[in-house]
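Student: The residues making up each chain are set out below.
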Amino acid sequence: MSDAILKVRDLKRGYEIGGGLFSAPRLLHAVKGVSFDVERGTTLAVVGESGCGKSTLARMLTMIDAPTSGSIEIDGTPIDIARSGITREMRQAVQIVFQNPYGSLNPRQKIGAVLEEPLLLNTSMSAAERRDAALAMLAKVGLKPEHYGRYPHMFSGGQRQRVAIARAIMLRPRLLVLDEPVSALDLSVQAQILNLLADLQDEFGLTYVFISHDLSVVRYIADKVMVMYFGEAVEYGTRDEVFENPQHDYTRTLFAATPKADVASIRARLEKKKAAAG
Amino acid sequence: MSLLEIRNLSVEFDTAAGPFRALAGVDYTIEAGEVLAIVGESGSGKSVAMLALMGLLPDTATVTADKMTFEDIDLRSLSAARRRKVIGKDIAMIFQEPIASLNPCFTVGFQLDEALKTHTSLDRRQRRDRVIELLTAVGIPEPERRVGAFPHQMSGGQCQRVMIAIATACNPKLLIADEPTTALDVTIQKQILDLLTGLQRDHGMGLIMITHDMGVVAETADRVVVQYQGRQMETADVLTLFENPSNPYTKALLSALPENATGDRLPTVADFARDYAKETQAGTEARP
Numbered sequence: 064m065s066d067a068i069l070k071v072r073d074l075k076r077g078y079e080i081g082g083g084l085f086s087a088p089r090l091l092h093a094v095k096g097v098s099f100d101v102e103r104g105t106t107l108a109v110v111g112e113s114g115c116g117k118s119t120l121a122r123m124l125t126m127i128d129a130p131t132s133g134s135i136e137i138d139g140t141p142i143d144i145a146r147s148g149i150t151r152e153m154r155q156a157v158q159i160v161f162q163n164p165y166g167s168l169n170p171r172q173k174i175g176a177v178l179e180e181p182l183l184l185n186t187s188m189s190a191a192e193r194r195d196a197a198l199a200m201l202a203k204v205g206l207k208p209e210h211y212g213r214y215p216h217m218f219s220g221g222q223r224q225r226v227a228i229a230r231a232i233m234l235r236p237r238l239l240v241l242d243e244p245v246s247a248l249d250l251s252v253q254a255q256i257l258n259l260l261a262d263l264q265d266e267f268g269l270t271y272v273f274i275s276h277d278l279s280v281v282r283y284i285a286d287k288v289m290v291m292y293f294g295e296a297v298e299y300g301t302r303d304e305v306f307e308n309p310q311h312d313y314t315r316t317l318f319a320a321t322p323k324a325d326v327a328s329i330r331a332r333l334e335k336k337k338a339a340a341g
Numbered sequence: 012m013s014l015l016e017i018r019n020l021s022v023e024f025d026t027a028a029g030p031f032r033a034l035a036g037v038d039y040t041i042e043a044g045e046v047l048a049i050v051g052e053s054g055s056g057k058s059v060a061m062l063a064l065m066g067l068l069p070d071t072a073t074v075t076a077d078k079m080t081f082e083d084i085d086l087r088s089l090s091a092a093r094r095r096k097v098i099g100k101d102i103a104m105i106f107q108e109p110i111a112s113l114n115p116c117f118t119v120g121f122q123l124d125e126a127l128k129t130h131t132s133l134d135r136r137q138r139r140d141r142v143i144e145l146l147t148a149v150g151i152p153e154p155e156r157r158v159g160a161f162p163h164q165m166s167g168g169q170c171q172r173v174m175i176a177i178a179t180a181c182n183p184k185l186l187i188a189d190e191p192t193t194a195l196d197v198t199i200q201k202q203i204l205d206l207l208t209g210l211q212r213d214h215g216m217g218l219i220m221i222t223h224d225m226g227v228v229a230e231t232a233d234r235v236v237v238q239y240q241g242r243q244m245e246t247a248d249v250l251t252l253f254e255n256p257s258n259p260y261t262k263a264l265l266s267a268l269p270e271n272a273t274g275d276r277l278p279t280v281a282d283f284a285r286d287y288a289k290e291t292q293a294g295t296e297a298r299p
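Taken in order, these protein sequences are the chains called A and B.
Our numbering puts the first sequence at residues 64 to 341.
Our numbering puts the second sequence at residues 12 to 299.
Just so you know, these hints were derived from the structure itself, not from any lab.
A couple of the hints might just be wrong.
What the hints assert, rightly or not - Below, in silico cross-link-like pairs of lysine-lysine (BS3-like), each with a Cα-Cα straight-line distance of 30 Å or less:
| hint | chain 1 | residue 1 | chain 2 | residue 2 |
| --- | --- | --- | --- | --- |
| 1 | A | 203 | B | 100 |
| 2 | B | 96 | B | 128 |
| 3 | A | 335 | A | 203 |
| 4 | B | 184 | A | 335 |
| 5 | B | 262 | B | 289 |
| 6 | B | 201 | A | 95 |
| 7 | B | 128 | A | 336 |
| 8 | A | 95 | A | 335 |
As the structure is a prediction and not an experimental result, all values here were calculated from the model.
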């Protein structure tokens, strides 16, 4: 029996756009009915280009936005923020890391305060306990105790993303949604952050929903892959199924568009070029 | 004669904390019709080098070079007025953020026309035809209608196409593309790269691709320069670089690619950086 921590069934979200005094608004379907399960301690990668609804999906999973219809179940608890609102416990279950570590940290807040804020709002820990927890978390994500009193502008992009990840796991969430966490980072920093995510997953048994458009990263990190296209899940399966045997045309287009950095493809390209020139 | 030849280019910035050396003695050569990729992470000085070439650095920067020639023009001693004749016409540049590099207050047609008005002697009607022709060439649908569009009415990919149209308006001999696809989706990236390499082939332009994406390098370049912290690590043709990298940094960079992952964790460049810092430290100490 599978141990699904996240169960999503036929999830839909539409937005009303336009419309004035005399014209009817138009309904834009950002997510048109997706269903998937994520097992505890595994990673589901959601792939797609801008406008395919993957961030809308992230907003619904993190309870920022209510779905129009469909159901989300986290650890057996149905989530319906439109009807029953949201409780502290629910907030603690899911956390999110955003793409741009420059925009997601408050420039006026010291790193220590950034990390303590989730505890301040959601728990009854004392100031000393919060401070200890923040310092412990800094060490976990590979930062030093002296970083506690520094401001975000004193950090590099990779370090800021470490802070954002640390903040997200302060409350020990069961599910972590990562919205393009490495796409703004350099290659070598990207490798470090991916390693950190793998370490944290091992240590805390975290479950990830990893949103990305970079297929090489997805292939490396994901257990299951879902490909979205115009609000629909056009492909859903284990990593090997999707990468070895893509079913949908869009998935194939996506694979074909991804630059290949292996020697054979370079050689093929150079030969083609030579043939065209000669 | 090479299209562009730069020898021992250094750039220093005056900062509050004293001079900061962004680029320490790098060399570039590019032939007509060649695609050169400059690869490096942030802080490697890859953009600074090209901005120095274009004369776009702020006053706080000091640029020194033993040689900096474009065809037979010495770019070091060029007056501002003469430089403007070359820049934008024979050497053109496109930037990473297509939406930010277009002026939001003017239509794309106007901005294209501006380049033509400055650098060519075409009359109004000819320019109008050329604008439509350029927009068609870069693959903007319904160009007659889109000339009147403002940048915010277009997608990121379309804005980058417009930027490419502006840059290629006067058939430049050298096009510099600074991270042209970093902000774009993979499918759009593919289209833009195909467009750039297509234009490069058709017009026999020299093309310099500045990027941090090894995939983009593999897909476009003939020759590659690898930079790290303002120094040149390796120059090699693209096949040699991927097949048989000689420099430890290049090796580290290639092994950090997720598709080359073998074990559970990715090797990172951090190990290399530590050795490198030690090495350069020792180097500066040895030199009196």
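Student: Work down the list of hints and note, for each, if the structure agrees.
Tutor: Structure-based check of each hint:
no., hint, in the structure
1, A:203 with B:100, "violated (53 Å)"
2, B:96 with B:128, "holds (12 Å)"
3, A:335 with A:203, "violated (49 Å)"
4, B:184 with A:335, "holds (23 Å)"
5, B:262 with B:289, "holds (18 Å)"
6, B:201 with A:95, "holds (27 Å)"
7, B:128 with A:336, "violated (35 Å)"
8, A:95 with A:335, "violated (42 Å)"
When the structure is compared with the earlier hints, violations turn up for hints 1, 3, 7, 8 and for no others.
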